[in-house]
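2 protein chains.
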Amino acid sequence: MISKLAAKIKETSPIVVGLDPQLKFLPEPLLEASFKEFGENPEGVCDAIFNFNKRIVDAVCDLVPAVKPQIAMYEVFGIPGLIAFDKTVKYCKEKGLIVIGDIKRGDIGSTSGAYAQGHLGHVTIGGKDYRGFEEDFATVNPYLGSDGVKPFIDVCKAEDKGIFILVKTSNPSSGELQDRVSDGRPIYEWMGEMVAKWGEDCMDGDYSNVGAVVGATYPEMGKVLRKIMPKSFILVPGYGAQGGKGADLVHFFNDDGLGAIINSSRGIIAAYKEEKYAKFGAEHFEEASRAAVLDMKEDIASALG
Amino acid sequence: MISKLAAKIKETSPIVVGLDPQLKFLPEPLLEASFKEFGENPEGVCDAIFNFNKRIVDAVCDLVPAVKPQIAMYEVFGIPGLIAFDKTVKYCKEKGLIVIGDIKRGDIGSTSGAYAQGHLGHVTIGGKDYRGFEEDFATVNPYLGSDGVKPFIDVCKAEDKGIFILVKTSNPSSGELQDRVSDGRPIYEWMGEMVAKWGEDCMDGDYSNVGAVVGATYPEMGKVLRKIMPKSFILVPGYGAQGGKGADLVHFFNDDGLGAIINSSRGIIAAYKEEKYAKFGAEHFEEASRAAVLDMKEDIASALG
Numbered sequence: 306m307i308s309k310l311a312a313k314i315k316e317t318s319p320i321v322v323g324l325d326p327q328l329k330f331l332p333e334p335l336l337e338a339s340f341k342e343f344g345e346n347p348e349g350v351c352d353a354i355f356n357f358n359k360r361i362v363d364a365v366c367d368l369v370p371a372v373k374p375q376i377a378m379y380e381v382f383g384i385p386g387l388i389a390f391d392k393t394v395k396y397c398k399e400k401g402l403i404v405i406g407d408i409k410r411g412d413i414g415s416t417s418g419a420y421a422q423g424h425l426g427h428v429t430i431g432g433k434d435y436r437g438f439e440e441d442f443a444t445v446n447p448y449l450g451s452d453g454v455k456p457f458i459d460v461c462k463a464e465d466k467g468i469f470i471l472v473k474t475s476n477p478s479s480g481e482l483q484d485r486v487s488d489g490r491p492i493y494e495w496m497g498e499m500v501a502k503w504g505e506d507c508m509d510g511d512y513s514n515v516g517a518v519v520g521a522t523y524p525e526m527g528k529v530l531r532k533i534m535p536k537s538f539i540l541v542p543g544y545g546a547q548g549g550k551g552a553d554l555v556h557f558f559n560d561d562g563l564g565a566i567i568n569s570s571r572g573i574i575a576a577y578k579e580e581k582y583a584k585f586g587a588e589h590f591e592e593a594s595r596a597a598v599l600d601m602k603e604d605i606a607s608a609l610g
Numbered sequence: 306m307i308s309k310l311a312a313k314i315k316e317t318s319p320i321v322v323g324l325d326p327q328l329k330f331l332p333e334p335l336l337e338a339s340f341k342e343f344g345e346n347p348e349g350v351c352d353a354i355f356n357f358n359k360r361i362v363d364a365v366c367d368l369v370p371a372v373k374p375q376i377a378m379y380e381v382f383g384i385p386g387l388i389a390f391d392k393t394v395k396y397c398k399e400k401g402l403i404v405i406g407d408i409k410r411g412d413i414g415s416t417s418g419a420y421a422q423g424h425l426g427h428v429t430i431g432g433k434d435y436r437g438f439e440e441d442f443a444t445v446n447p448y449l450g451s452d453g454v455k456p457f458i459d460v461c462k463a464e465d466k467g468i469f470i471l472v473k474t475s476n477p478s479s480g481e482l483q484d485r486v487s488d489g490r491p492i493y494e495w496m497g498e499m500v501a502k503w504g505e506d507c508m509d510g511d512y513s514n515v516g517a518v519v520g521a522t523y524p525e526m527g528k529v530l531r532k533i534m535p536k537s538f539i540l541v542p543g544y545g546a547q548g549g550k551g552a553d554l555v556h557f558f559n560d561d562g563l564g565a566i567i568n569s570s571r572g573i574i575a576a577y578k579e580e581k582y583a584k585f586g587a588e589h590f591e592e593a594s595r596a597a598v599l600d601m602k603e604d605i606a607s608a609l610g
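First to last, the protein sequences are chains A and B.
Each step along the first sequence adds one to the number in our numbering, with nothing skipped, and position 144 is 449.
Each step along the second sequence adds one to the number in our numbering, with nothing skipped, and position 296 is 601.
Just chain A, with the same shape it has in the complex (with noise of 0.2 angstroms):
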C-alpha cells in the first residue's frame, strides 16, 4: 500500500486532507438543507458532515493522494457519526483516494487483532468474507508494545495495507511522555527504533508499510526521527491550524522528496471561514479548500526548493 502511497504522492502532492469536520465548521446552509430532511438531531448532523466532505473531495481530489479522516469527530455522535464515517471512507475510495484512517487504536493482542481486523482487514463469517470499515492505512498507538502492534502489522502483510505508529505527537504536552529520557535518549527515539524494526518486515517497493507519526511542531525531532527510520513514511500532523510551517517540514522528507505526507485539517476543511479564503463566502466553501490545497502545496514546494 505504501508503494500505491509514493505513486499518487509523485502524480499529486504529499498533502492528506484531515477530515476532521467539527460541528462549527459546518456551513450554515449546508447543515439548514440536512436538518431539513432528518430533524436537527445527530441524524441531521451526519448527514450534514457526509454532504460536506463529499463536497469538498470533490473539489481536491485531484490535487492530493490521501484524506485522513480523524474517526473521533464521527464517534461522537455515536452510530449515526459512524455510519458517516463510513461513507465517508468508501466515498473517499471511490474517489481514487487513500484513506488514512486517523483512529489511534492500541491493545493487547487479541484486542488490537480485532481493532486491525475491522479496519483494514475481514472476518469471515459462514466461509465469507466481510469488510467493518476499509481504510488503506490506519494509526496505532504503541503504549502496550509488540503485543499491540504485531497483530496491525500481521494483517498488514496479509491485506496490503499499511500503519502509522505514534512516535512524536504534534501536541503542546507530547514531551511529558515522549521526551523522558531514558539510556541516555529520549523515548520517541526508542520508538522511532521500534518503528524501524517493525518495518524492516513489512517492505513494499522503497518504504515500509509501517511508517510513523511525528509532528511538524517538532522540526529538529523529525530531523533525528528521519534517520532513524530511512525507510518509513512519516505522517505529519500539525501544520497550519497548529503552527507548523512550510519551512519546519523540509527534515521530514528524503532526498528522494518522499517519505512524508502532510497533513492539514482545518486549515483545508474550513478554509472558508479564514479571511484569506473569505470571498468564497460559506456557499462555496469547497472552493475555498481547492484554493488553500493550491497555496499549501506550493508552500511546500517553495520549502523543499
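These are calculated hints, taken from the structure and not from any lab test.
Careful, some of the hints might be misleading.
One copy or two, either will do: identical chains are not told apart, so a pair holds if it fits within one copy or between any two.
Lysine-lysine pairs mimicking BS3-like chemistry, simulated, CA-CA at most 25 angstroms apart [claimed, not checked]:
hint: 1; residue 1: K581; residue 2: K528
hint: 2; residue 1: K532; residue 2: K400
hint: 3; residue 1: K455; residue 2: K329
hint: 4; residue 1: K433; residue 2: K341
hint: 5; residue 1: K532; residue 2: K398
hint: 6; residue 1: K309; residue 2: K392
If you're wondering where the values come from, they're calculated on a predicted model, not measured in any experiment.
Chain A is fixed; fit chain B onto it per the hints.
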C-alpha cells in the same frame, strides 16, 4: 461515579465482567437462532452477541457491580457491531450495572474531547443534548500526555463519570515502553505519579474519578503503584486466562478493602468451554458464567483473607 462503584463493590464483589464476545465464544445454538433470523452475516453474529451478553448479564448482575465491554470486539464487525455495543451498554445500565467502556482512546486535545463527549458526555444540537454511547467509565491511553487526558477529566467532572488510565498493562510486551527507566524510575511509575496528580482534581468521596489500569500479571509493580496512587481505583485485567491468580491481587487493594476492581473476560463469559464448567453445556452457558463468578469471588476473598 467512583463512589457509586465503591458502594456497589461493598454490596457485591470487586469483580468486573469483561463482555468481550469473540465469535469463537458464541454457543452454536445461540448463533444458529440469530442466523435464522438475520442471515449468516455480521448482522446475524451481532444479534447473537447481544443475546449472549444479555443472558450472561441476567445471570450475574446480582453478583458484580460492573461490566467492561471491550469495544474492539464489536468494532471488528463495523456498524452492526457498534450497534450491539450500544445495546449492550444500555441493557447493562437497565440492569443496574456500572459500565466501563474499554475503549483505550486518547488523542490531541480537541480530538480527545470528542471521544470524551461521545462516550461519557453529550453533544448539543439545536439546544438539545444527545449522547453517543453511554458508558460510566472509559479507559484512556496516556501516550499523548496531559493534553490528551484533560478533556476526559473535564467531562468526568461535568457529568460525574470516571476514567481508568493505562499505567502498566497486563500483556507480555508491556515493558518495552512502560518499564523503561527514566530519572531512576520506570515509566509506569512516572505515569502513576501523573494519574495521582490528575486525580487530585477529581475526587468523589474517598477515591478519585481518575483511576488506573495495572495488570494482575505484574503484582510487584502493582504493589508499588498502589502506594503511588492511594486515591485511585485500579482496574486490574489479566486475572484468569492471562495468568493472574487470586494471590497476586492482594497488593492492588488498600487497607479499606477497596481500591481495586478485578476484570475477568473469557474466564467468565466462555466458562462453559472449560472442563470445570462443562457440565452446564452450551445450552446453559450463562449458568457456567455464574458459577465462574462465584468461584472467582471466593478466590479473591480467600486471598484477601
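Verification of the supplied hints:
1. In this assembly of identical chains, the alpha carbons of K581 and K528 never lie at most 25 angstroms apart, being 31 angstroms within a copy and 57 angstroms across copies at closest.
2. In this assembly of identical chains, K532 and K400 lie within 25 angstroms of each other by CA distance neither inside one copy nor across copies; the values are 34 angstroms within and 55 angstroms between.
3. For a Cα distance limit of 25 angstroms, the shortest separation of K455 from K329 across copies, 21 angstroms, qualifies, whereas the shortest one inside one copy, 38 angstroms, does not.
4. Taking the closest pair of Cα atoms, K433 and K341 come within 25 angstroms of each other only across two copies (16 angstroms); inside a single copy the shortest separation is 39 angstroms, beyond that limit.
5. When the C-alpha separation of K532 and K398 is checked against a cutoff of 25 angstroms, the pair qualifies neither within a copy, at 32 angstroms, nor between copies, at 51 angstroms.
6. In this assembly of identical chains, the alpha carbons of K309 and K392 lie at most 25 angstroms apart only when taken from the same copy (22 angstroms versus 39 angstroms across copies).
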